[in-house]
Amino acid sequence: MLKNRIIPCLDVKNGRVVKGINFVDLKDAGDPVEQAKIYSDGGADEICFLDITASNENRDTIYEVVEKTSKKCFVPLTVGGGVRSIDDINKLLNCGADKVSINTAAVQNSKVVEDSSRKFGSQCIVVAIDAKRKDDGWEIFTHGGRNPTGINALEFASKMENCGAGELLVTSMDKDGTQSGYDIELMQKISSMINIPVIASGGVGTLDHLVDGIKSGASAVLAASIFHYGTYSVNEVKQYLASKDIPVRI
Amino acid sequence: MDVTIVDYKSGNISSVINSFKEVAKDKVNIEVTSDLNKIKSSDKVVLPGQGSFKSCIDGLNSINGLIDTLSEFALNNKKPLLGICVGLQMFADVGYEEVETKGLGWISGKVSKIDNQNGKYKLPHIGWNQINIVKESKIFKDIENNSHMYFVHSYEFIPNDKSVIAATTDYSSNIVCTVEKENLFGTQFHPEKSDKTGLKIIDNFINL
Numbered sequence: 093m094l095k096n097r098i099i100p101c102l103d104v105k106n107g108r109v110v111k112g113i114n115f116v117d118l119k120d121a122g123d124p125v126e127q128a129k130i131y132s133d134g135g136a137d138e139i140c141f142l143d144i145t146a147s148n149e150n151r152d153t154i155y156e157v158v159e160k161t162s163k164k165c166f167v168p169l170t171v172g173g174g175v176r177s178i179d180d181i182n183k184l185l186n187c188g189a190d191k192v193s194i195n196t197a198a199v200q201n202s203k204v205v206e207d208s209s210r211k212f213g214s215q216c217i218v219v220a221i222d223a224k225r226k227d228d229g230w231e232i233f234t235h236g237g238r239n240p241t242g243i244n245a246l247e248f249a250s251k252m253e254n255c256g257a258g259e260l261l262v263t264s265m266d267k268d269g270t271q272s273g274y275d276i277e278l279m280q281k282i283s284s285m286i287n288i289p290v291i292a293s294g295g296v297g298t299l300d301h302l303v304d305g306i307k308s309g310a311s312a313v314l315a316a317s318i319f320h321y322g323t324y325s326v327n328e329v330k331q332y333l334a335s336k337d338i339p340v341r342i
Numbered sequence: 043m044d045v046t047i048v049d050y051k052s053g054n055i056s057s058v059i060n061s062f063k064e065v066a067k068d069k070v071n072i073e074v075t076s077d078l079n080k081i082k083s084s085d086k087v088v089l090p091g092q093g094s095f096k097s098c099i100d101g102l103n104s105i106n107g108l109i110d111t112l113s114e115f116a117l118n119n120k121k122p123l124l125g126i127c128v129g130l131q132m133f134a135d136v137g138y139e140e141v142e143t144k145g146l147g148w149i150s151g152k153v154s155k156i157d158n159q160n161g162k163y164k165l166p167h168i169g170w171n172q173i174n175i176v177k178e179s180k181i182f183k184d185i186e187n188n189s190h191m192y193f194v195h196s197y198e199f200i201p202n203d204k205s206v207i208a209a210t211t212d213y214s215s216n217i218v219c220t221v222e223k224e225n226l227f228g229t230q231f232h233p234e235k236s237d238k239t240g241l242k243i244i245d246n247f248i249n250l
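Protein sequence lines, in the order shown, are assigned to chains X and R.
Residue numbering for the first sequence follows the working numbering, starting at 93 and increasing by one per position.
Residue numbering for the second sequence follows the working numbering, starting at 43 and increasing by one per position.
It cannot be assumed that every hint is accurate.
Claimed, not checked - Beta-carbon label-pair distances, calculated as ranges:
no., chain 1, residue 1, chain 2, residue 2, range
1, X, Asn239, R, Ile200, 44 to 50 Å
2, R, Glu64, X, Gly242, 45 to 51 Å
3, X, Gly236, R, Lys204, 17 to 23 Å
4, R, Asp212, X, Glu247, 45 to 51 Å
5, R, Lys67, X, Ser284, 43 to 49 Å
Hints in this document: simulated from the structure, not taken from any laboratory.
Predicted, not measured: the structure shown is a model, and the values here were computed from it.
For glycine and all other residues, C-beta sits at the position ideal for the given N, C-alpha and C.
Could you build the full structure based on these sequences and the hints that come with them?
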């Protein structure tokens with residue numbers, strides 16, 4: 093049977109990990125390649141890099157990181173952050189990314205999603221949705237959560253499915269960084285409404301939060317902090333989920 | 043020994059290249075090319091495939107003489123060929139993704155959309171699923187039954203002759219995920235992304 097995926101996410105800035113794993117045996121705590129390798133050796137089902145490089149001049153560093161990582165990690169590698177065009181996607185895929193996640197560009201011009209999923213296949217196009225509660229729904233934000241758009245998150249999710257996105261990476265901005273759990277209602281609403289897989293993100297602090305995330309209907313759970321700070325290893329997470337009858341690859 | 047990965051500009055093959063190079067180390071020469079002479083003279087061929095059935099077939103057709111060369115390699119000379127994902131699907135007579143498209147016709151059958159049972163199953167089928175080995179295959183040497191492999195697809199290959207099926211995976215129904223017919227091998231999952239077990243399958247193919 094298909095297993096639920098556990099996806100550790102690494103924030104990368106100018107080619108270095110910003111929030112790293114606090115493992116003592118790391119030679120270089122800021123090296124994304126080394127950290128990704130630790131995750132994949134530990135049983136991560138997929139690795140996610142989020143490039144938060146602010147300036148365009150330093151963009152090329154992420155290509156180098158992806159290239160090196162893909163020569164060492166043989167699990168799927170998803171890369172997001174600053175992806176604007178078909179050309180950006182092409183470059184990342186050529187460097188060895190398996191999937192590319194698109195956020196702001198997808199909102200500004202949904203044709204990027206349509207064109208890229210037709211060109212590269214929907215299997216490698218992930219649309220990242222940053223959503224925040226507003227009134228009785230959710231509004232999506234762009235530019236790493238800085239700009240409100242007035243667009244309803246559920247409607248946008250459905251639109252992206254129709255444009256050919258292969259997966260949706262849904263982050264609750266209300267929950268992100270709080271370690272108080274995913275926005276379960278948001279995950280439930282989106283997962284039940286669309287027929288492509290949802291990756292839940294934003295807010296994990298405990299192992300039970302991951303259990304709740306999967307139970308909300310998400311196919312995969314993404315987490316940063318609990319892995320970054322070495323609170324849990326990927327293997328510990330999986331053992332716990334398995335003990336709660338959640339199907340995982342061990 | 044020379045193993046050739048066919049580069050026909052269809053989808054992203056970096057991961058396939060990286061994994062084969064990792065396994066081959068210095069023992070085996072891994073060539074990535076669309077050069078017909080190099081394909082002809084190689085010992086083994088890998089046919090990757092990403093995107094739609096139609097876009098991959100179009101990609102093969104866009105290189106003059108490529109399909110004939112591959113057919114000669116696989117059907118006449120009977121040298122080992124491994125199709126991955128859409129690379130496997132193209133073995134079929136016909137595919138139904140986007141529009142009805144003629145396949146290579148190497149293993150009789152069709153490629154249809156996975157039945158999602160009215161939304162009960164999400165598509166694409168993405169993630170790690172277990173394989174159920176139904177027939178001994180040379181590429182399964184030292185691979186345990188129920189091993190996890192990484193899948194990402196919405197269409198499935200349905201061969202007419204069930205005896206070519208080497209493994210299935212359970213998603214909505216029993217989906218064919220490995221075939222072996224004489225020198226032809228194909229996996230619906232991505233061995234290049236399936237961690238150590240996937241690399242072992244690649245190793246088995248290289249060592250055939």
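Against the structure, the hints come out as follows:
1. Checking the proposed 44 to 50 Å range against asparagine 239 of chain X and isoleucine 200 of chain R shows it holds: the Cβ atoms sit about 47 Å from each other.
2. Remark: the range hint 45 to 51 Å for glutamate 64 of chain R to glycine 242 of chain X is upheld by a beta-carbon distance near 48 Å.
3. Evaluation of the 17 to 23 Å hint for glycine 236 of chain X and lysine 204 of chain R yields a failure: the beta carbon distance comes to about 51 Å.
4. For aspartate 212 of chain R paired with glutamate 247 of chain X, a C-beta distance near 34 Å fails the hint of 45 to 51 Å.
5. A hinted range of 43 to 49 Å for the beta carbons of lysine 67 of chain R and serine 284 of chain X is consistent with their spacing of about 48 Å.
Hint compliance for this structure: hints 3 and 4 are broken, all remaining hints hold.
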